[in-house]
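Chains V and A supply the protein sequences, listed in that same order.
Numbering-wise, this note's numbering comes out as the position in the first sequence, counting from 1, plus 598.
Numbering-wise, this note's numbering comes out as the position in the second sequence, counting from 1, plus 3.
If you're looking for bench data, these hints aren't it; they were derived computationally from the structure.
Keep in mind the model is a prediction, meaning the values are calculated, not measured.
Check the hints yourself; a few may be wrong.
[As the list claims (entries may be wrong)] Cβ pair distances, simulated, as ranges:
hint, chain 1, residue 1, chain 2, residue 2, range
1, V, Leu620, A, Ala59, 30 to 36 Å
2, A, Pro58, V, Leu696, 33 to 39 Å
3, V, Val738, A, Arg92, 24 to 30 Å
All C-beta atoms in this analysis are idealised placements derived from N, C-alpha and C, irrespective of residue type, glycine included.
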Amino acid sequence: MDDLGIVIAFWTLSGLTVGSALLIVVTRNIFHAVLALIVSFLGVAGLYVLLSADFIAVAQVLVYAGAVSVLMLFALMLTPRQARNNAANYLEIPGLLLSLVIGGLITVAAVSTDWAEVDDDRGFDATSRLIGEALIDKWVLPFEIAAVILLVAMVGAIMLVREDQ
Amino acid sequence: MELTVEYFLTVSAALFAIGLYVALSKRNAVGVLMGVELMLNSVNLTFIAFSRFTPADNQITGHVFALFVITVAAAEAAIALALAVVIYRLRRTVNVDELNLLRW
Numbered sequence: 599m600d601d602l603g604i605v606i607a608f609w610t611l612s613g614l615t616v617g618s619a620l621l622i623v624v625t626r627n628i629f630h631a632v633l634a635l636i637v638s639f640l641g642v643a644g645l646y647v648l649l650s651a652d653f654i655a656v657a658q659v660l661v662y663a664g665a666v667s668v669l670m671l672f673a674l675m676l677t678p679r680q681a682r683n684n685a686a687n688y689l690e691i692p693g694l695l696l697s698l699v700i701g702g703l704i705t706v707a708a709v710s711t712d713w714a715e716v717d718d719d720r721g722f723d724a725t726s727r728l729i730g731e732a733l734i735d736k737w738v739l740p741f742e743i744a745a746v747i748l749l750v751a752m753v754g755a756i757m758l759v760r761e762d763q
Numbered sequence: 004m005e006l007t008v009e010y011f012l013t014v015s016a017a018l019f020a021i022g023l024y025v026a027l028s029k030r031n032a033v034g035v036l037m038g039v040e041l042m043l044n045s046v047n048l049t050f051i052a053f054s055r056f057t058p059a060d061n062q063i064t065g066h067v068f069a070l071f072v073i074t075v076a077a078a079e080a081a082i083a084l085a086l087a088v089v090i091y092r093l094r095r096t097v098n099v100d101e102l103n104l105l106r107w
């Protein structure tokens, strides 16, 4: 992956992703934080495209940038008395230290390890067929369990927010 | 310039650290959930990056795992936000500072 366009796309997309994630931290209004989160999700989807994962990129846009962020906006609107602020709680300083330490540790481990990576020029083949075959062949049991989890989550969410009679 | 897997892992580590900070430090319960989603996203990015840099006949494993993570994250978001709405109805707040019902 040393094509100039790919390198430019990588730096643009990762800057967009990390920058809007930082915007979530600093913005004062929590609605703006959700909007920055959507931009961050879209940046990650772009990185997936860069990594030749077309199906996962589309799933990311549909599920995260579509469904999850709409759920978050709905939850914010259904809690109206909650001031729209994005303030920090009493864990602000310890949380900052802990996340800096953990992020630094992960970065050091990722950079200093010899990953024995294979960088073949694999183009942009459609992966949806391969994913579909893998889901009903090798991973059929997790696939069915995921279906049950989704059903339980849907029924549970409806049961929780239903007004009592 | 050659893009290797380390670049993607570094971006993923940055996303994870930001997500961890957001999840730990936000006062609004929806903000905490946003941090959790960011962390799940960074882990997914790691899966996809590693699957891109393995031999091509092996790459689909990482994609399938990322797909399962997306599925579970969607279910978790639905349940967590429903819980936020319910706790708002009961206590008139979703500030995690003020929700100390389970503290002994």
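Verification of the supplied hints:
1. About 35 Å separates the C-beta atoms of V:Leu620 and A:Ala59, a value consistent with the hinted range of 30 to 36 Å.
2. At roughly 37 Å, the beta-carbon separation of A:Pro58 and V:Leu696 lies within the given 33 to 39 Å, and the hint holds.
3. The beta-carbon spacing between V:Val738 and A:Arg92, approximately 40 Å, falls outside the hinted interval of 24 to 30 Å.
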